[in-house]
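Residue numbers (this note's numbering), protein chains in the order written: chain A, 1 to 409; chain B, 410 to 818.
If you are wondering where the hints come from, they were derived from the structure by calculation, not from laboratory data. It should be emphasised that the depicted structure is a prediction, and the values quoted were computed from it without experimental measurement. Ideal placement from N, C-alpha and C gives every residue a C-beta, glycine not left out. Among these hints, one or two may not hold up.
Said to hold, decoys possible - Sample of chain B residues at the chain A side, in silico, Cβ under 8 angstroms: (1) SER581; (2) THR608; (3) LEU758; (4) GLY760; (5) GLY791.
Stated by the list, open to error - No more than 30 angstroms apart at the CA atoms, straight line, and that leaves these computed lysine-lysine pairs for DSSO-like: (6) B:LYS784 x A:LYS239; (7) A:LYS305 x A:LYS185; (8) A:LYS268 x B:LYS677; (9) A:LYS239 x B:LYS577; (10) B:LYS784 x A:LYS357; (11) B:LYS648 x A:LYS185; (12) B:LYS805 x A:LYS357; (13) A:LYS168 x B:LYS633; (14) A:LYS224 x B:LYS677; (15) B:LYS577 x B:LYS677.
Number of protein chains: 2
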Amino acid sequence: MERRPRVAAVLPAGGCGERLGGCTPKQYCAVLGRPLISLTLEAFGRVGWISDIVVVVAAESVDLMKTIVRKYGHKRVTLVEGGVTRHRSIFNGLRVFIEGHSLGPAVQTPEVVIIHDAVRPFVEEDILLQVTQSARQHGAAGAVRPLVSTVIASSSDGCLDHSLERAKHRASEMPQAFLFDVIYKAYLQCTQYDLDFGTECLHLALAYSQTKAKLLEAPPDVWKVTYKRDLYAAESIVKERISNHLCIITNMKEEAIQIGFLLHENLKPHIKHVKAISSSMCKTLHDLQSIFQGQCYNFVCINVKESDVEESRKVTDLLQTANIGSYPSVVVSVHLAFPEQSSNGMQKLTGIRELAKEAQQSDILVYGLLINFSKDESQLQGRAHEASAIIAALIKDRTPALAGQLMLA
Amino acid sequence: MERRPRVAAVLPAGGCGERLGGCTPKQYCAVLGRPLISLTLEAFGRVGWISDIVVVVAAESVDLMKTIVRKYGHKRVTLVEGGVTRHRSIFNGLRVFIEGHSLGPAVQTPEVVIIHDAVRPFVEEDILLQVTQSARQHGAAGAVRPLVSTVIASSSDGCLDHSLERAKHRASEMPQAFLFDVIYKAYLQCTQYDLDFGTECLHLALAYSQTKAKLLEAPPDVWKVTYKRDLYAAESIVKERISNHLCIITNMKEEAIQIGFLLHENLKPHIKHVKAISSSMCKTLHDLQSIFQGQCYNFVCINVKESDVEESRKVTDLLQTANIGSYPSVVVSVHLAFPEQSSNGMQKLTGIRELAKEAQQSDILVYGLLINFSKDESQLQGRAHEASAIIAALIKDRTPALAGQLMLA
C-alpha cells in the first residue's frame with residue numbers, strides 16, 4: 001500500500017451456532033483445547049497494520065470472551081455487546097468507532113474497516129490485504145469462492161423452479177472490507193427489515209451507499225466453520241500446522257550425537273522442518289524459539305545417562321517458564337538402552353511419568369521413548385527408523401492420555 | 410413403499426478432483442487406508458432394495474476400481490467407462506440399462522434411477538428412500554441443503570451485481586432420483602452444450618422432460634468431499650463411527666473379572682457401547698460379531714497368566730481368519746502385574762510385539778496395556794480409570810506406529 005491507511009476490523013461473534021447441533025456456540029468450541037475464536041484473533045493479531053479488532057459478542061458471553069482474550073494474550077481487542085441479528089451486531093461494532101462504548105477505551109475511526117466472521121479462523125494476511133486495498137479503490141470489496149453445489153430456486157410448492165448457472169455466481173465469503181463511511185452510512189440508512197433479516201454487507205453497501213463491491217477470488221482457507229465436521233477439519237488442520245516443526249536437542253556425547261543424526265535423517269519424511277541442536281546451545285527460551293524464528297511445539301530430547309531425564313527436564317522447564325502454550329507442546333524424551341548395562345526400564349519409566357505429570361499441568365505432553373542402542377550400524381538404523389515413526393505419530397496425535405508412557409524402538 | 414419398484418443407482422466417479430490440490434482423484438483418496446468411493450459403495454451396499462449400482466469411472470481407472478470392488482467385496486456393482494464431462498459420464502451410466510455394455514453382464518432397466526456422487530460417502534438409507542419415493546410420485550426429486558454462504562451474481566467487471574435472497578435458494582446436493590424414462594429421455598434430447606457444460610440433472614429433467622423435481626431437505630451427511638479439509642473431516646467421522654463399539658473379553662479368573670468389570674464401568678464415558686463377555690463364549694467369529702449384531706472393530710482382552718498373550722492371540726486369530734477388515738481393528742491386550750510376583754515387563758513386551766507384528770499384516774492393531782494389580786479397592790479403581798483413558802485414546806487414534814507398544818496404568 002502506498003500510504004498506510006488506518007484499518008480496523010469488526011468480528012461478529014454473537015451467533016448461537018445452531019447448525020452445529022451442540023449447545024456451545026461454535027465460536028467457543030474447542031480446537032485442541034482452544035476456542036475457535038481465539039484462532040481467528042490470532043490470525044488477526046499477526047497482522048500488524050490492523051489497529052483495532054472489535055469483537056461483537058452476546059451479552060452473556062462477555063465474561064467468557066474477556067477470559068479468552070486474557071488467557072491467549074490477544075492484543076488490540078475491543079469487546080462490544082451484540083445485537084439480536086448478525087447485521088445488528090455488525091452495526092453495534094461499527095458504532096463503537098463513532099460513539100465509543102461502555103466496555104473500554106475509545107477506538108479511533110478507521111479509513112477502512114474489515115468485517116470477518118469469528119468462525120473463519122484460517123484467514124491469511126494476503127486476502128486481508130487484498131480486500132483492504134480493493135476497498136480503498138472501490139469503496140467495498142469481498143472475498144468470494146466458486147460454488148461447490150449448483151444453486152437452485154424453489155417454487156412455493158417445494159419443487160424446482162430453476163437452477164442458476166454456476167459460472168455466473170459465487171459464494172460470498174469473508175473477509176469483506178469497506179471504506180468506513182460507505183458501510184457506516186449504509187447501516188444508518190438501511191431498513192429495520194434489512195437489520196433483522198439481511199445477511200450480506202456487500203448488499204447494504206450497494207443498496208444504501210451506491211457502492212459496487214469488488215469481488216476477489218479467495219483461497220479455500222477462508223471457509224466458515226459451520227458443521228461438526230468442520231470442527232473435525234479445523235482440528236486436523238491445526239494439528240498438521242503445529243506438527244510441521246521439530247527440534248532435536250542432544251548433548252555432545254558420542255552416542256547421543258549418533259542417534260540424533262539418525263533421527264534427524266529418518267524424521268524428514270514425516271515432518272517438514274527438522275533441526276538438531278546441541279543442548280549447550282539452548283539455555284534460554286529465546287534459544288529454543290530462535291531455532292525456527294517462531295513457535296515450535298515439538299521437541300525430541302536425547303538423554304544419555306541411565307535412568308535420568310535431565311535433558312528433557314531442562315526443555316520442559318524452559319517451556320513451562322515461558323508459557324508459550326497456545327497449543328499443547330510435545331516433548332519426546334529419548335533414552336538409550338545399552339546391551340552391556342542391565343537395563344532398568346521401570347526406573348526410567350518412573351522418572352518420565354513424574355516429569356510428564358508435572359509438565360501436563362502446563363499443557364506440555366511428555367512421552368518416553370527407549371531406543372535399544374546397538375553398535376551394528378544397520379541394526380541401529382532400523383531402530384532409528386522405527387523410533388522416527390513413533391515420534392512422528394506421537395507428535396501428530398498429541399494424545400494427552402498417553403503422556404508419561406514409555407515406548408520402545 | 411407400497412409395491413417395490415426396481416431401483417438402480419448411477420454413481421459418476423470419473424472426476425479428477427482438481428479442487429483437492431493433489432494428483433489422486435478424490436474418490437480414490439484414502440480414508441483410514443480405504444478409498445473414499447469404497448465408503449460410498451458400502452453405504453449403497455447396505456440398502457438391499459437397490460438392485461444395481463453402476464459406477465462410471467475414467468478409462469484409466471477401470472482396473473483400480475475393479476481391485477477396489479474385489480478387495481472390499483462390493484456387490485451388485487457394474488463398472489462403466491466415463492465420458493469427458495460429468496453429464497456425459499452419467500449418460501454413459503444410464504445407457505447401460507438400455508444398451509448393455511462391454512465390461513460385464515447386462516443390467517435390467519429400472520423404474521427409478523438414483524444418481525449420487527461417489528464422493529458423498531455418508532449418505533443414509535433414509536434420504537435414498539425419500540428421493541426414490543418422491544421420484545415415483547413427481548418424476549424427479551433431489552436432496553437440497555440451506556445455503557451456507559450468500560450467493561451473489563457478479564457483473565462482467567468482477568463487481569457485485571446483486572446478491573440472492575438466501576431463504577429462497579437452496580444448494581442442490583445428491584442423491585437425486587428420477588423415473589428412468591424421465592431422465593433418460595432428457596439426456597437423449599439435451600444439447601451438446603448441456604452435455605459439455607451443464608452440471609444439474611434436475612435442470613435437464615425440467616428442460617427436456619418437463620418434469621419439475623421435488624426438492625427434499627436433506628441432513629448434512631449428504632455433503633460432498635471437495636477440499637482437503639473434507640478428507641480430514643471424513644477421516645474423523647469414520648474414526649468416530651468405528652470407535653463406538655467395544656467388546657471386553659475376559660476369562661473366569663477372579664482378577665480378570667474384577668478388572669473387566671472396572672474397565673467396563675470406566676470406559677462408558679469414553680465409548681458409547683461397551684459390552685463384556687467371557688472368553689469361553691467367544692470361540693468363533695460369529696460369537697464375536699453377534700455381540701453387537703454387526704461389525705465391532707475394538708476389543709480389550711484381559712490376559713491373566715504372567716507373560717502370555719493367550720486371550721489376545723485367540724481374538725486376533727478369529728479376526729484374521731474372517732478378514733472382516735474394512736477398517737483396521739484394535740485389540741488392546743491387557744495384562745495384570747501382581748506386586749508379589751517379580752514383574753517381567755520386557756518378556757511380556759516381546760510377546761505383544763510379536764503378536765502385533767503378525768496381526769498388523771491383517772490390518773489388526775495390537776497394543777499392550779499393563780495394569781498394576783492392587784488389592785486396595787480405591788487404588789485399583791484409580792488404575793482402571795487411567796487404563797480406560799489409555800484404551801479410549803488407542804481406539805480413537807488407531808495409530809499403526811504405536812502397535813506393539815506396552816502402555817502402563
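Against the structure, the hints come out as follows:
no.	hint	verdict
1	SER581	holds, 4 angstroms
2	THR608	holds, 5 angstroms
3	LEU758	holds, 7 angstroms
4	GLY760	violated, 13 angstroms
5	GLY791	violated, 13 angstroms
6	B:LYS784 x A:LYS239	violated, 41 angstroms
7	A:LYS305 x A:LYS185	violated, 70 angstroms
8	A:LYS268 x B:LYS677	violated, 39 angstroms
9	A:LYS239 x B:LYS577	violated, 38 angstroms
10	B:LYS784 x A:LYS357	holds, 24 angstroms
11	B:LYS648 x A:LYS185	violated, 50 angstroms
12	B:LYS805 x A:LYS357	holds, 22 angstroms
13	A:LYS168 x B:LYS633	holds, 21 angstroms
14	A:LYS224 x B:LYS677	violated, 33 angstroms
15	B:LYS577 x B:LYS677	violated, 45 angstroms
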